[in-house]
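**Q** Order-wise, the sequence lines are chains A and B.
FYI, in full-length UniProt numbering the residues of the first sequence are 1 to 434.
FYI, in full-length UniProt numbering the residues of the second sequence are 1 to 434.
If you're looking for bench data, these hints aren't it; they were derived computationally from the structure.
No false leads were mixed into what you were given.
Below 27 Å or equal to it, Euclidean Cα-Cα: the simulated DSS-like pairs (lysine-lysine) are: (1) K120/B <-> K5/B; (2) K120/A <-> K5/A; (3) K228/B <-> K170/B; (4) K2/A <-> K120/B; (5) K228/A <-> K170/A; (6) K2/B <-> K120/A.
Selected chain A positions facing chain B (in silico; Cβ < 7 Å): (7) E28; (8) G133; (9) A139; (10) I210; (11) K220; (12) V257; (13) T264; (14) T292; (15) I313; (16) P323; (17) V327; (18) A331; (19) V342; (20) L343.
Just so we're clear, the structure is a prediction, and the values are computed from it rather than from any experiment.
Where a beta carbon is used, it is the ideal one built from N, C-alpha and C, also for glycine.
Protein chains: 2
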Amino acid sequence: MKPVKVGICGLGTVGGGTFNVLQRNAAEIARRAGRGIEVGQIAARQLNPNCDLGSTPVTDDVFAVVNNPEIDIVVELIGGYGVAREVVMQAIANGKHVVTANKALIAVHGNEIFQAARDKGVMVAFEASVAGGIPIIKALREGLAANQINWVAGIINGTGNFILTEMRDKGRAFEDVLAEAQALGYAEADPTFDVEGIDAAHKLTILASIAFGIPLQFDKAYTEGITKLTTADVNYAEALGYRIKHLGVARRTDAGVELRVHPTLIPEDRLIANVNGVMNAVMVNGDAVGSTLYYGAGAGAEPTASAVVADIIDVVRTLTTDPNNRVPHLAFQADSLSDHPVLPVEEVETAYYLRVQAQDRPGVLAKVATILSERGINIESIMQMEAEEHDGLVPMILLTHEVLERQMNDAIAAIEALDDIAGPVTRIRVEQLN
Amino acid sequence: MKPVKVGICGLGTVGGGTFNVLQRNAAEIARRAGRGIEVGQIAARQLNPNCDLGSTPVTDDVFAVVNNPEIDIVVELIGGYGVAREVVMQAIANGKHVVTANKALIAVHGNEIFQAARDKGVMVAFEASVAGGIPIIKALREGLAANQINWVAGIINGTGNFILTEMRDKGRAFEDVLAEAQALGYAEADPTFDVEGIDAAHKLTILASIAFGIPLQFDKAYTEGITKLTTADVNYAEALGYRIKHLGVARRTDAGVELRVHPTLIPEDRLIANVNGVMNAVMVNGDAVGSTLYYGAGAGAEPTASAVVADIIDVVRTLTTDPNNRVPHLAFQADSLSDHPVLPVEEVETAYYLRVQAQDRPGVLAKVATILSERGINIESIMQMEAEEHDGLVPMILLTHEVLERQMNDAIAAIEALDDIAGPVTRIRVEQLN
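With the hints as extra help, turn the sequences into a complete structure.
**A** As structure tokens, then:
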């Protein structure tokens with residue numbers, strides 16, 4: 001089957017990331033989608049220094065892409081309500097499918113856009129418009145489709161969460177952190193959309209419509225920013241066992257739907273209260289599933305591109321009615337499964353926690369350390385405990401750097417052979433999970 | 001369009017939950033799927049006291065369902081490798097789509113089952129087989145389809161996580177907690193599958209195949225249980241800044257794929273280290289998206305049913321090639337959006353944190369409490385701080401129960417009108433997010 005041609009409109013942060021992900025993972029993506037996906041044309045006012053465009057055609061006229069008969073899917077990554085809206089509406093009018101990351105456009109003009117798309121029988125996909133790389137729209141719209149959704153609550157603006165995290169962790173004032181966020185590029189020169197909750201309200205409007213099956217109603221969302229929060233309130237909340245987060249909350253009640261963005265105290269033992277820095281997380285509570293949570297990077301070039309490209313693949317699947325083009329059972333087309341072997345555990349490399357029960361004699365620690373170092377195993381830390389009363393043995397706790405299991409087996413056998421050691425060495429693997 | 005007929009094989013915990021969710025949410029599900037979904041027949045050895053089956057036909061012969069020409073989708077909720085495998089293979093042979101929650105069956109016989117399904121052009125969906133209600137298969141297979149997946153790591157056995165949580169929180173011994181888990185019904189009479197990591201290895205095998213595009217290879221998974229973990233190790237790990245979790249880890253390296261289930265030390269500040277009790281969570285790291293996390297109930301009647309029914313809806317969408325049967329933009333069919341109103345913020349009910357800057361005089365607290373109580377606002381706690389040096393004002397912190405915003409506005413106006421109060425009252429909403 002010939003490759004699908006994608007036209008990228010806008011080559012800024014997300015556009016550049018989308019181009020790069022499509023290029024770098026082209027083979028992997030084709031193995032999943034069952035069909036190649038190629039960038040057929042790019043519209044950009046200026047080139048992106050992070051992209052090597054090769055021979056990809058570039059134009060400075062977005063409508064050249066929209067009207068290009070070779071292009072199957074138009075990817076709108078311009079942002080804003082102006083040209084972006086014209087691009088999307090014209091692409092639909094031309095019978096092209098659309099993928100967009102534009103939360104403002106969807107929240108404000110989505111009803112009109114979706115009506116036009118239905119009339120033309122084309123798809124408009126917008127996973128990247130909410131919470132960047134987290135596939136929250138897919139989870140809510142498909143994964144939880146069995147549920148009556150009770151509520152959705154999310155940290156859906158990374159800039160705001162970065163500011164609140166710094167205020168709490170370092171006792172810094174709002175203005176101080178905002179200035180740093182602007183210097184780091186997390187916050188725009190005009191931070192209003194982020195800190196006043198408008199960006200979060202755009203995203204919440206979209207989530208609420210999907211959760212409750214209501215039209216998009218951004219103008220009815222209540223928004224309250226974080227500009228008036230003081231470190232005093234952050235500290236008092238902490239003393240009461242709470243964290244303050246800038247939350248978007250949509251809840252269904254008998255009277256109606258709540259749609260609100262505001263600073264919120266959350267009990268500190270909730271997972272979402274511990275989502276820090278620029279990260280995003282969305283909780284969804286359904287009548288069957290209970291509470292679920294989705295966490296990840298809410299912005300940035302490649303996390304957002306991850307969602308844009310997933311949408312492109314979804315659209316590609318609808319371009320044919322061939323059953324072979326359904327989502328494959330194991331994600332990859334059955335004829336392109338990999339024969340990459342599963343490693344025996346001896347070939348697995350991890351860090352280790354070791355507990356050695358040693359006689360309380362001088363020199364034991366040195367002997368253990370020597371056995372490890374002779375096998376090239378680096379020790380990250382050693383903790384020697386008090387002797388235990390009942391047997392006089394001294395527990396020695398070691399954390400090692402990463403090492404092949406095979407080498408660790410050998411080292412443990414040598415340690416257990418020492419006269420100074422009682423019983424088997426306890427070992428537990430360590431994972432950093434960054 | 002006439003309703004799709006589903007046949008449920010097995011009416012135990014998950015079967016009963018699936019029946020109940022399909023009944024209770026029938027209208028909501030039809031609004032999403034664009035088509036009714038009805039239970040056409042049930043095969044059960046005994047009735048489930050939690051289900052009111054009404055006039056739904058029941059048989060004790062599962063093959064009566066599998067061979068019923070009225071049934072479009074066979075839902076296998078029997079479990080195990082025996083009859084379940086025959087049911088699934090016969091349903092496929094009969095040209096029926098299959099939905100299953102059976103991790104053991106998929107992990108061990110999935111390659112054969114998927115081949116048969118491809119040959120017949122039918123779907124086999126199995127979201128419920130991993131992590132209950134968390135839509136992790138959909139997230140990994142579709143939501144992250146743009147990524148080269150680097151690793152997957154998950155707490156995917158609730159019984160094991162309950163035991164480890166109790167060992168840490170209460171310093172209890174493994175055997176002691178296991179006995180309680182069995183009494184509570186979290187653990188089977190024969191707990192081997194749970195505590196030895198076999199159940200987790202089934203699920204990890206499925207996740208790894210979807211992540212890396214390799215055939216299912218359960219026999220190559222390394223499994224190590226939690227039966228030898230001591231509270232001493234739990235405590236030492238804690239002293240080093242780690243938590244111990246029973247983790248399934250699948251990682252792609254140049255040499256091969258790691259596939260392993262074992263107790264694991266995780267730094268305590270990672271979100272997944274704070275997933276406690278019977279809850280499940282899966283982390284997925286992709287080259288574009290970075291690290292993401294998915295959290296929710298990994299077992300139980302309705303959480304698992306949530307995934308089963310989502311799969312049924314996915315299958316229903318493939319039964320027609322009508323573009324109107326695609327996933328709707330806003331999750332619900334455009335002609336069945338709800339006119340449930342968005343509430344003005346004055347009609348929203350939440351709990352509140354209030355900070356009142358009061359003169360350091362006797363009786364102020366009583367006046368504030370009276371204003372609140374006169375308006376039916378219950379106070380959960382009051383914290384009176386030390387006077388601040390520069391202005392002699394005393395910050396008074398109150399947490400209230402839930403109240404309408406309108407009433408709170410009225411109360412705050414009254415408080416601000418007191419002579420004893422300086423400046424505006426700070427208010428921040430409180431959400432429990434259970």
